[in-house]
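Peer 1: Below are the chains, spelled out letter by letter.
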Amino acid sequence: MSADLQTQFDALIDADERIEPRDWMPDAYRKTLIRQIAQHAHSEIIGMQPEGNWITRAPSLKRKAILMAKVQDEAGHGLYLYGAAETLGVDRAELLDLLHTRKQKYSSIFNYPTISWADVGAIGWLVDGAAITNQVPLCRCSYGPYARAMIRICKEESFHQRQGFEILLTLSNGTPAQRGLAQDAVNRWWWPSLMMFGPPDADSPNSAQSMAWGIKRFSNDELRQKFVDMTVPQAGVLGLTLPDPELRFDEETGHHHFGEIDWTEFYQVVKGNGPCNEQRLRHRVRAHEEGAWVGEAAAAYAAKQASREGVAVA
Amino acid sequence: MTAKISAGNTDPMARPRFIYALRLGDDALILAQRLSEWASRAPEIEEDIALTNIALDLLGQARALLDYAGTLEGAGRDEDDLAYLRTEREFTNVHLVEQENGDFAHTIARQLFFSTYQLALYEELISSTDELLAGVAAKGVKEAAYHNDHATQWTIRLGDGTDESHRRMQAAIERLWPFTPELFESDDVDRALAAEGVGVDPSTLRSRWALSIAEVFSSATLEAPQTTWSSHGGRRGVHTEGFGYLLAEMQYLHRSYPDAKW
Ligand SMILES: [Fe+2]
Ligand SMILES: [Fe+2]
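From first to last, the protein sequence lines stand for chains U and V. Heads up: the first sequence begins at 0 in numbering that gives the first Met the number 0, then just goes up one per residue. Heads up: the second sequence begins at 0 in numbering that gives the first Met the number 0, then just goes up one per residue.
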């Protein structure tokens, strides 16, 4: 590695310009990006499961259509992101292998079960809402292909959040039983959503480097606060309460103060001990293994075609 | 509800049209429901997206047709009443669309058989004197052409792919073949509406379908199945055993909260 290249790279970062696939980049930068983009892609793919769980049971045809389109969007996000990761010199099959063998992670939020229809609403509102908060700054990420993928993704995520909000609003204004479903779902999804921003800044050792590289723009705690400030008033519109007795608006800071997050639970889920870790991965591996013969067939057919065309040309 | 039904549409031609719209709508709805079971389970992410696309197209067709059926009936039933509150015996879809997904080859075979039929049907229905049916067909014909192309490409790849895929694809067409004659059965409703220029007599689509399927089989190195029995009764509301489970899953939530809006 020549010092020149490093200097050029640093200058691009300092000037807030984009790094493109053909540019030189430090190994650690490349590795960090691959890990982050892959984890993000895996989250989109695993994230199809909890909501996909309700497609066949959606309570109206309109809701069914919206939910199908949403889950399909998540598959599309996975594709954009695997595509962005591939510009860094890894391929999708390799990354999926790392997911299937538990060497790469996905967002822990998807390790909670969707046990009622209202959970589909809560995921759209809170989980997609938290994802947007996390992802909007990534549209300015220093790595070009990732930033561009995020611009496309963020547009769709705001539609996801709106449909989730609408589901909850309808339930909240519905029968007492429906309202009960909505409140129960929000009670279960609130804290896990706050955990989506990752550990507190003090316990997030890699964050500083990512900030210096222009991959990350705000700290975990800043993003979490932004999300809480955005979400609390929306809960008011929904007429639902958030399960935190300490939650209150702090006039002095201009922010909502919220209670202590149970980090023991967070680390348990990250380590694989959440309610659905086993199930989600088993489901994914099963789809992969049961479908392997299809990919093999497509490859064999393409090879036959190529050789037939080769013969025809000769 | 009872009062509304007795006060229903009194136009004598509305009843056959209602039945006809319901049949087309039920076919599309039930196939969409089956296809949607694939979400997050497809062999490749691209296929997850493609199968959902097809399901969404069919669901869109179903909603337009069921909504129209409700209007024709004049009893105040909307698309959701028709989808969620009828029992097994009141659904009039063909047996083919209710068959379980099986492996990817089975899903593709079902889609090939159905989309070839639906493409031919919509190509005719475009010139229906009924504006709504003609409109559904005009939009649906492009969708069915895409579904048909997707299924055709996969049938060929799987049939002419590896030994395993060939064996699976051959097994799939054999398993689903007995459900294809029902697509072309016609009764008084079909014939009366065809005579009026409103509907299409499905029996007239059979030879086109057979020709198109034979071509695909040949490109896919598959052998046309030689089965002797065939499955019938869907249009009269007599279904295969698996259908009740499909409805149970599809309808349970809606039925659990009878006075709810979603
Ligand atoms: Fe997404
Ligand atoms: Fe989303």
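Please keep in mind that the hints were generated in silico from the structure rather than gathered at the bench. Hints are not guaranteed to be accurate.
[As the list claims (entries may be wrong)] Distance condition first, Cα-Cα at most 16 Å in a straight line; then the derived EDC-like pairs of lysine to aspartate or glutamate:
id, chain 1, residue 1, chain 2, residue 2
1, U, K104, U, E93
2, U, K61, V, D159
3, U, K61, V, E184
4, U, K303, V, D159
5, U, K61, V, D56
6, U, K303, V, D162
7, U, K61, U, E221
8, U, K154, U, D72
9, U, K61, V, D77
10, V, K260, U, D200
11, U, K104, U, E277
12, V, K138, V, E123
13, V, K141, V, E163
[As the list claims (entries may be wrong)] Okay, the calculated beta carbon distance ranges per label pair:
id, chain 1, residue 1, chain 2, residue 2, range
14, U, Q304, V, T203, 32 to 42 Å
15, V, G241, U, V284, 40 to 50 Å
16, V, Y251, U, L246, 44 to 54 Å
This structure is a prediction, so every number in the text was calculated from the model and none was measured. Idealized CB from N, CA, C, for every residue including glycine.
Peer 1: Hint by hint, note whether the structure agrees.
Peer 2: Hint check:
Our distance criterion of 16 Å between C-alpha atoms is met by U:K104 and U:E93, whose separation comes to about 14 Å. For the proposed pair U:K61 and V:D159, the alpha carbon gap of about 39 Å is over 16 Å, so the pair is violated. Between U:K61 and V:E184 the CA atoms are separated by roughly 31 Å; this puts the pair beyond 16 Å, and the hint is violated. Note on U:K303 and V:D159: the hinted pairing holds, with a Cα-Cα distance of about 9 Å set against a maximum of 16 Å.
Under the criterion of a C-alpha separation no larger than 16 Å, the hint pairing U:K61 with V:D56 is consistent with the structure, at around 13 Å. A hinted pair counts as satisfied when its Cα atoms are at most 16 Å apart, and U:K303 with V:D162 qualifies at roughly 13 Å. Between U:K61 and U:E221 the CA atoms are separated by roughly 37 Å; this puts the pair beyond 16 Å, and the hint is violated. For the proposed pair U:K154 and U:D72, the alpha carbon gap of about 11 Å is at most 16 Å, so the pair holds.
Under the criterion of a C-alpha separation no larger than 16 Å, the hint pairing U:K61 with V:D77 is consistent with the structure, at around 12 Å. About 43 Å separates the Cα atoms of V:K260 and U:D200, which puts this hinted pair outside 16 Å; it is violated. Between U:K104 and U:E277 the alpha-carbon distance is near 13 Å, which keeps this suggested pair within the 16 Å criterion. Annotation: proposed proximity of V:K138 to V:E123 holds, straight-line Cα distance about 13 Å (limit 16 Å).
At roughly 33 Å between alpha-carbon atoms, V:K141 and V:E163 are farther apart than 16 Å, so this suggested pair is violated. At roughly 36 Å, the beta-carbon separation of U:Q304 and V:T203 lies within the given 32 to 42 Å, and the hint holds. Checked against the hint of 40 to 50 Å, the pair V:G241 and U:V284 fails, with Cβ atoms roughly 27 Å apart. In this structure the hint that V:Y251 and U:L246 lie 44 to 54 Å apart at CB is violated, the actual value being about 35 Å.
Checked against the numbered hints above, the structure breaks hints 2, 3, 7, 10, 13, 15, 16 and satisfies the rest.
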